[in-house]
Amino acid sequence: MFRPQRLILLAALLALLGSSRGVKAQDLPSAESILDRYVEVTGGKEAYLKLKNRVIQGRMEMPAAGINGPFTMRQEGRKMRMTMELPGSGRVGRFAEGKRAGEVNTTPGARLFEGEEKTLTLIQANIHAEVDWRESFPKVKCVGTKTVNGKECYEVEMETADGIKMTRFFDRKDGLLVAERMRYKGQMGEMEVETLHDNYKKFDGISMPTVMNMKMMGQEFTMKIDRVEHNVKLAADAFDLPAELK
Amino acid sequence: MLVPRRFLLCLCVLVLVGVPAWTAQEKELTPEQIAQNRASFKVVWETIRDKHWDPQPGGLNWDDIRAEFEPKVEKAKTQREFRQILGAMLDRLDQSHFGIVPAEVYDVIDVPDEAKEPKDSKEPKSRRRRGGQGQSGLDLRVVDSEALVTRVDEGSPAAKAGIKTGWVLEAVDGTEVAPVIRKIMDLETVVHHREFTLMRSLMQRLSGDVGDTLKLRFRDGSDQPQEVELQLGEPRGTMAIFGNLPPMLVRCDVKTLSDRIGYVHLSSFFDPPRVMPVIAQAVRDHHDATGFILDLRGNPGGIGFMAVGVGGWFVKERNLRLGHMVTRDSRLNFVLNPQPQPFLGPLAVLVDGASASTSEILAGGLQDLKRARVFGTRTMGAALPSMFVRLPNGDGFQYAFANYISAGGKPLEVHGVQPDEEVRPDRKALLEGRDQVVDAAIEWIKAQK
Chain S
7 MFRPQRLILL AALLALLGSS RGVKAQDLPS AESILDRYVE VTGGKEAYLK LKNRVIQGRM
67 EMPAAGINGP FTMRQEGRKM RMTMELPGSG RVGRFAEGKR AGEVNTTPGA RLFEGEEKTL
127 TLIQANIHAE VDWRESFPKV KCVGTKTVNG KECYEVEMET ADGIKMTRFF DRKDGLLVAE
187 RMRYKGQMGE MEVETLHDNY KKFDGISMPT VMNMKMMGQE FTMKIDRVEH NVKLAADAFD
247 LPAELK
Chain E
1259 MLVPRRFLLC LCVLVLVGVP AWTAQEKELT PEQIAQNRAS FKVVWETIRD KHWDPQPGGL
1319 NWDDIRAEFE PKVEKAKTQR EFRQILGAML DRLDQSHFGI VPAEVYDVID VPDEAKEPKD
1379 SKEPKSRRRR GGQGQSGLDL RVVDSEALVT RVDEGSPAAK AGIKTGWVLE AVDGTEVAPV
1439 IRKIMDLETV VHHREFTLMR SLMQRLSGDV GDTLKLRFRD GSDQPQEVEL QLGEPRGTMA
1499 IFGNLPPMLV RCDVKTLSDR IGYVHLSSFF DPPRVMPVIA QAVRDHHDAT GFILDLRGNP
1559 GGIGFMAVGV GGWFVKERNL RLGHMVTRDS RLNFVLNPQP QPFLGPLAVL VDGASASTSE
1619 ILAGGLQDLK RARVFGTRTM GAALPSMFVR LPNGDGFQYA FANYISAGGK PLEVHGVQPD
1679 EEVRPDRKAL LEGRDQVVDA AIEWIKAQK
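Chains as they are written, first to last, in my numbering: chain S, 7 to 252; chain E, 1259 to 1707.
Hint data in this document are derived by calculation from the structure and do not stem from the laboratory. The reader is advised that the hints may include incorrect statements.
Unchecked claim - Cut-off 25 Å, straight-line C-alpha distance, at most; resulting in silico cross-link-like pairs (BS3-like, lysine-lysine): (1) S/191 <-> E/1513; (2) S/56 <-> S/191; (3) E/1574 <-> E/1628; (4) S/124 <-> E/1574; (5) S/191 <-> E/1668; (6) E/1668 <-> E/1628; (7) E/1309 <-> S/221; (8) E/1300 <-> S/221; (9) E/1704 <-> E/1574; (10) S/56 <-> S/105; (11) S/252 <-> S/56; (12) E/1574 <-> S/252; (13) E/1707 <-> E/1513; (14) E/1300 <-> E/1285; (15) E/1333 <-> E/1300; (16) S/207 <-> S/56; (17) S/239 <-> S/105; (18) S/191 <-> E/1574; (19) S/105 <-> E/1309; (20) S/207 <-> S/179.
Claimed, not checked - A few chain S positions that, by computed beta-carbon distances, are all more than 10 Å from chain E: (21) 42; (22) 55; (23) 71; (24) 124; (25) 136; (26) 146; (27) 158; (28) 173; (29) 179; (30) 181; (31) 196; (32) 197; (33) 208; (34) 234; (35) 250.
The beta-carbon is built from N, C-alpha and C at its ideal position, and this holds for glycine as well.
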């Protein structure tokens, strides 16, 4: 359930969510089984745990506005560093290192995250987030089925220990994550954040979506992953917090 | 992106003046163009229906608007007619930040002028090239119905030509300025946009390519005519490109005024990779200054969140908000992030009727937070967050997707920012080489000691 886009834009897609489909509650699988199945169909726990670090390169596009730029994301253990360059706007850098997370952005400046923003960033920084879902989301429940982006999906409600809620939609046939929806609460306010996950590809035995279409505040974004590398040699200071955040 | 429509229109005019009649705006539309325009109308209408922050945009029945304008689009014979129809539809909203950027604007930007000029063009070169990047180094404002020189950049062509602040511009290339001013004042029904429109109209007449020569006639400090031939120089600042927005020239001038007062003049809120470090350095360099002046006069706005970035250099409390924007389903706060070693002394912000959008968000927010005292004249009142998209026919379309409410709880749209101290440019002071607005800010800062 790798979602680098949330680390950048926290956006998602609801528009394509279809209407509820009649599956009786007693016929629904448990949320636990759906989430464990996702780990299995994307490579399995053993394959995930072999991953020590990861480097992802891709592009963020906002085609309607003519905006696009490259991003690079590095993860190791529970540390993360992501940078994105947007021509004419500058650099966005996001950081997580164990207990702290923050952002250095050319335009609004530097800040450490608090509350929901911090919790979610730290969860997503974990390179084994998919396997560790029980730790991140102690409460999970499958509440029904829905057609999402043309696929029959299980609808799974998930909640962190501090009460952050989100809903994920998993393909009933192949078990892959199709979409995610949440009402995100950050420094800038609350907004609907919705994402469609598509075009799964395998990297070192792990399948991950390489195209994520997102919608936030009426604007649409696309994150495209071009390259993924695992277990590479990273500089010793690759995850140091930038001076502005220390 | 926060650039008001008035500025957008002036920009288009400015660029299009350099694209003479051969741009085919008057040619009859081809079937392909008609189809593209039909699709473009659909995009514009649907975008406003779906993305305007008010489900009933501008209090209008948007279906009725479609019923009224769609048949007109079908009857449009030329590109100009089509754009006029779209413009009329957008005017119904009576809100800033809705506008059409003709495709030719992008063409002019993308293609060298030489490649576009027909060999048989009979337009004089200076007239053809209006809208280029050449600069005179003059800034003008209309005061008492006269075009006053309010600033002459050091070392600029205007300075080298001996032009002084306080002189009155009377003619450009033999064309009298006074009738233009009268016409705009007669036509411009929205009073709070007048200063902006007048300023842009005058500056447009002083534009052209580097090396172009302008023949200017002024009335000097003794009310004597002064004929000046001025060759436009290289632009100061850098050209910023961001998404579908037409390129903007950005200048950020920093200096230290008397009594150790820091001063930053920002021409527009673009190019954060270059501008934000300059502002950061200016604050560091003036950390122990007695005061700081942010001059946003004539600044039409730009990237909205630059207001947050700039404001963060002048506060120490966390989670202060300049204001918030409201879309149909969300509310986004403009939260200031206190930066390391901010300047916390007296802060003056200078504005005028040509300060718009992001300038208003910053000035109004800092004023509402009681962090800054605002000097000058009331701002334009055009502060809606907006986007630029390209339409199927190649035109650009700017639309506002949110309303903006300043920290004090009032919308800035139409109302603008009312200065704490209203100070208008005055010819006598300008002739004496004084800038009364800056002087007022300095006096206030000195009194804070």
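Right, here's what the structure says about each hint:
no.	hint	verdict
1	S/191 <-> E/1513	violated (41 Å)
2	S/56 <-> S/191	violated (34 Å)
3	E/1574 <-> E/1628	holds (13 Å)
4	S/124 <-> E/1574	holds (21 Å)
5	S/191 <-> E/1668	holds (24 Å)
6	E/1668 <-> E/1628	holds (15 Å)
7	E/1309 <-> S/221	holds (12 Å)
8	E/1300 <-> S/221	holds (21 Å)
9	E/1704 <-> E/1574	holds (22 Å)
10	S/56 <-> S/105	holds (23 Å)
11	S/252 <-> S/56	violated (32 Å)
12	E/1574 <-> S/252	holds (16 Å)
13	E/1707 <-> E/1513	holds (21 Å)
14	E/1300 <-> E/1285	holds (23 Å)
15	E/1333 <-> E/1300	holds (15 Å)
16	S/207 <-> S/56	holds (18 Å)
17	S/239 <-> S/105	holds (23 Å)
18	S/191 <-> E/1574	holds (23 Å)
19	S/105 <-> E/1309	violated (38 Å)
20	S/207 <-> S/179	holds (17 Å)
21	42	holds (34 Å)
22	55	holds (38 Å)
23	71	violated (4 Å)
24	124	holds (14 Å)
25	136	holds (29 Å)
26	146	holds (26 Å)
27	158	holds (27 Å)
28	173	holds (16 Å)
29	179	holds (32 Å)
30	181	holds (31 Å)
31	196	violated (7 Å)
32	197	violated (4 Å)
33	208	holds (34 Å)
34	234	holds (28 Å)
35	250	violated (7 Å)
Checked against the numbered hints above, the structure violates hints 1, 2, 11, 19, 23, 31, 32, 35; every other hint is satisfied.
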